[in-house]
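Can you join these two chains into the complex? Each is in its own frame, and there are hints to help.
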Amino acid sequence: MAILEMRALRKVYRKGENEVLALDGVDLSVEKGELLAVVGPSGSGKTTLLNIIGCLDAPSSGSVSYDGTDLGKAGQKRLSEYRRSHISFIFQSYNLIPVLTVRENVELPLVIERRLKREEIRAKADAMIKAVGLEGKEGRFPRELSGGQEQRVAIARALVKDPIVVLADEPTANLDSHTAEEIVDLMHSINAERNTTFVFSTHDKLVMQHARRVVTIRDGRLVSDERS
Amino acid sequence: MGMLWKIAARNVLRHKRRTLITGIVMTAGIGMFIMADSALSGMDRLTIDNMVAFTESFMKVRTPEYVSNLQGTPLDHGVPDPEGAMRAILAADPRLTAAAPRMRFVAGVSNYEDSLPVIATAIDPARDAGVFALEGAVSSGTWLEGAPGRSVLVGAGLAEELGVEAGDYLVVSANTVYDNMNADEYLVAGIVFSPMPEINDGGVFMSFADADALLGTSGFVSEIAVASGRIPNLDELLAASGEAAARVSAALPGLRADPLAELARDYLAMRAMKGKGSYFIIMVVLLIAGVGIVNTILMSVYARIREIGVLRAYGMSPPEIRRLFTLEGVIVGAVGSAGGVLFGSAMVWLMAVKGISIAAMVGKVDMGGLPLSGTLYGEWNPATIAAGFAFGLVVSFIAARIPAKRAAKLEVTDALRFV
Chain A
32 MAILEMRALR
42 KVYRKGENEV
52 LALDGVDLSV
62 EKGELLAVVG
72 PSGSGKTTLL
82 NIIGCLDAPS
92 SGSVSYDGTD
102 LGKAGQKRLS
112 EYRRSHISFI
122 FQSYNLIPVL
132 TVRENVELPL
142 VIERRLKREE
152 IRAKADAMIK
162 AVGLEGKEGR
172 FPRELSGGQE
182 QRVAIARALV
192 KDPIVVLADE
202 PTANLDSHTA
212 EEIVDLMHSI
222 NAERNTTFVF
232 STHDKLVMQH
242 ARRVVTIRDG
252 RLVSDERS
Chain B
19 MGMLWKIAAR
29 NVLRHKRRTL
39 ITGIVMTAGI
49 GMFIMADSAL
59 SGMDRLTIDN
69 MVAFTESFMK
79 VRTPEYVSNL
89 QGTPLDHGVP
99 DPEGAMRAIL
109 AADPRLTAAA
119 PRMRFVAGVS
129 NYEDSLPVIA
139 TAIDPARDAG
149 VFALEGAVSS
159 GTWLEGAPGR
169 SVLVGAGLAE
179 ELGVEAGDYL
189 VVSANTVYDN
199 MNADEYLVAG
209 IVFSPMPEIN
219 DGGVFMSFAD
229 ADALLGTSGF
239 VSEIAVASGR
249 IPNLDELLAA
259 SGEAAARVSA
269 ALPGLRADPL
279 AELARDYLAM
289 RAMKGKGSYF
299 IIMVVLLIAG
309 VGIVNTILMS
319 VYARIREIGV
329 LRAYGMSPPE
339 IRRLFTLEGV
349 IVGAVGSAGG
359 VLFGSAMVWL
369 MAVKGISIAA
379 MVGKVDMGGL
389 PLSGTLYGEW
399 NPATIAAGFA
409 FGLVVSFIAA
419 RIPAKRAAKL
429 EVTDALRFV
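The listed protein sequences correspond, in order, to chains A and B.
The first sequence: position 150 = 181 (my numbering), numbered continuously.
The second sequence: position 20 = 38 (my numbering), numbered continuously.
Chain B extracted, bound-state conformation (with noise of 0.2 Å):
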């Protein structure tokens, strides 16, 4: 066998732009599957991350009735005694950090001129800031917590269609708890800019006490939203928001947890997709990697007939000379996935220092809806990398396969005659 790698490996260096041109598109393939998939997991990260911070938090705890009729965004079934379960929420798991509850009901909102369909939240912004990003997200203008009565937020995108900026008056209408309209003038207190679409197109945010007057409710609370400390992998993060939602639907009878795998269930069957495109590319990748393998052990083959035939003449087995073969094959492949490993590597580990600008990058395009922007940082994949390797030695090893089977199939006196 040790005879077999001489040669093998001799050969491989021998042929330096075979090897090269076939290790190059190796690791030009495996290095961009590493890179496309820690890209790719970075922007899961960033997704869910925006999600968690902008409008789903860590967990969601409502009552089952308000659940099953989500869509109407009722102004009935909330949550009872909303202060005693934000405190046995907090109890229930010590990675759960704050609650804070929330009001979700359907308004319309109208600058005089125009009225444009919205669902407006009511916070409370002291406890908010604690759960939710929007704080730091209100780009002109101030927060509720420092702002008048009669104050609300609204988001960019729908300021800019309705034409308001901080410090103008908008109205808001709903329809009350008493199932008639209620409208009022509120101050615009501020404008927020946020990665997610939907607070940018149609968010509108004002105080309970606000909501409460509006809608003639009392202390209505919908949902109570919970944040959990910073846990770095994003798979990580959904296990610990099962396990806590878990542990808080135990501890309150009649409410149901909802973790952020249920949360953001639509984008996560998404992710799951994409998982499948980025394998797919690299399919596509290392079989074209693959047909670079067999052309150059193909080549390597007709070259060397006559050495086949000496090989054989002094008893050197078919299978022997289909080992070696597929050896040469394999080098080269394992030369090339290392190459790509290597490559990929650097490249997941300089997105992961540096980061993706989104805006940078792509610029202010929409994202099919995603809450995609900010920095994308890179995620390690060690998973990916080990796969990266293991594709292409396989790859590798059946497309020296092919080439090596004719090789040993050759008769001892036919190769050599070859000239």
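One chain only, chain A, in its complex shape (with noise of 0.2 Å):
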């Protein structure tokens, strides 16, 4: 079942008297579970085409939706509260909040999400971090952690509020080859485990590889979808 639709997705942006065609047409399904990679040359729209799927742009025409919710034509506001509850990011430089700890900044999401107890709040966060070998840092700031702890922590706070669909933008960039490894890994296992969306933005083989799925883009459109 398809947990993403996009369709006949186009995004102009303009600057000054000119239009810039990001997307032209672009026709996309996402089934829960998936662990999708979308490629392609900079420039190409896929930072366009992964705003669009994490509710931080709206298309110029065309329709996406959620698990049936339609945000085609969402306003901001809408995006904004669909964004909260339902999707996660994980980001090339970790973007962890500085002053908080490993534990606050995986109870963020949930905290803005104002949706759990206090109570349960912490616990849940404490299992995701269990779930990511982070078990006993949870006081730690991120400034105390390595970059491949810091990204598992990212990978913590994005699977926190179990979200359709989780986006990663090039989420190995910043790392070694062997902690890259270690933490495709673990986005691996935790997608075959939990059964997370995972979409990735990404230029790494080792991330290519391990998808199921390898869509290219191309001049704002798909220009190969295949399945491993």
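For the record, the hints were derived by calculation from the structure and aren't laboratory data.
Heads up, none of these hints are tricks.
Here are some chain A residues pointing at chain B (derived, C-beta under 8 Å): (1) N82; (2) L87; (3) D88; (4) S111; (5) R115; (6) I128; (7) V130; (8) L131; (9) P140; (10) V142; (11) I143; (12) E144.
Virtual Cβ for every residue (Gly too), placed ideally from N, Cα, C.
Given below as structure tokens:
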């Protein structure tokens, strides 16, 4: 069953008098539990596609629906609300909040969401920290962690609210090859255990190898869609 | 909200130097304001106390006709039956402790070479000491009570100008009630050095007996000066004087009792202007602190654009982002304001306990005719301390809103791209 459906997606940016066509009629369905890599050269529309999937931006035309909820014409407020409950992000530079501890960083999405009680938030965060192998480091601050550990915290933060989809923007780009492999293995195992849907934007061959589906985008169009 | 507090407070602590500089500016500004207000209040108190002790007293009772012709210092329209009036005054209000008659008249004093015009005052030496502090201000010679007949007290500045000392003689001349000029020779019994420039530079005091002999008056009293017990707070002193004057006016038909607020009207008007001046000073200082806060928070916004992007990506709304940065500014402002209150209070405590000698502070300079000498004690003013703290908070809130609004307006995608 498709949890994400995009049909005839177009995105046009206006820069003064000029128009830039970033996405040109993209059709894409993502199934629950997929591990999908979006690849393509710089300026191909990859980031725009991910921004729209992540509800960070709205398309100029076309439809986007999550689990049956159409967000194609939603305004910023609606997108923000949807994002708060259903979508998570993993960034290239981890982007942890430096003044919050590991536990507080992981708790953050649930605190922002304001759905659970304090004790439930704590329990979920601790379970997630354990799942990414950082048990015992709950009270540490990001500056006290290695790059790989920071990315593990970012993964725990992304997964703690059980999102429909996790968007990962070049998640291994700042890591050495050994740590990158550990992180990709971790996401792969989480995907297998929890059936969490991951959408990657990447240039990393390792990530592409682990992905079950690789979508290539060029000049705003999908040019290939390969499943392994 | 708990998480917002946590992030805001920790960011404030994280950028210690920035916070410290802004906090110090606010601490200094608010502290100086509290201190300046205390010193100004202390100056007011000292000035009013000196006026009460040497010229104006707590209240003056005169006839309305005399008051309407005050500038001419006439020798008619005096207080009828002064003894009875003094008894009635003291009976009218329990706060009134003493009353003394006085008579003011225009005179000339001469050292046989030069002559100077003065406003002379006739006093009852025994009673006057119960209302005024003139006796204690005799710096050389003796007080009139123990002096021989035809003696005067002369202000120190006037004595210097005339070149006379205690024990010398000078001539006092004046228009009599018969509208002719009379003059006599008087012993300078004592020299008076008081905090009142008008006494030092033009004060001549003699007994009622000597004044009657010179002017041809017979028990004429132009005013009755009244004293009260010590009232520590200046505003309470003014209020008590007003109430007592109303009672005395009601008890003595045909006479008017002027309270201290009326007697020191010019000075009190100037005091109100000074108060406005001190608020202007705090506005300028807090404006500087406000610019500091805008700068601190703006730097914080620019340093944390990616962080803002992450918070927005995870669903934090623009109002929450605005609240977060406003909170940071208010925390800095609260710390600075609290520091200002502590610093200012410590300085006020020092001034209130130790006092500052005006002479040691500014030397013997002319204070623009103000009766400002002696030891200045700081006055506690809780309203000023509260106002200083509140001003600090309000300024920091307003200052933080500007960069906070900017942070809230950032597009998520732009913020996440920011390097």
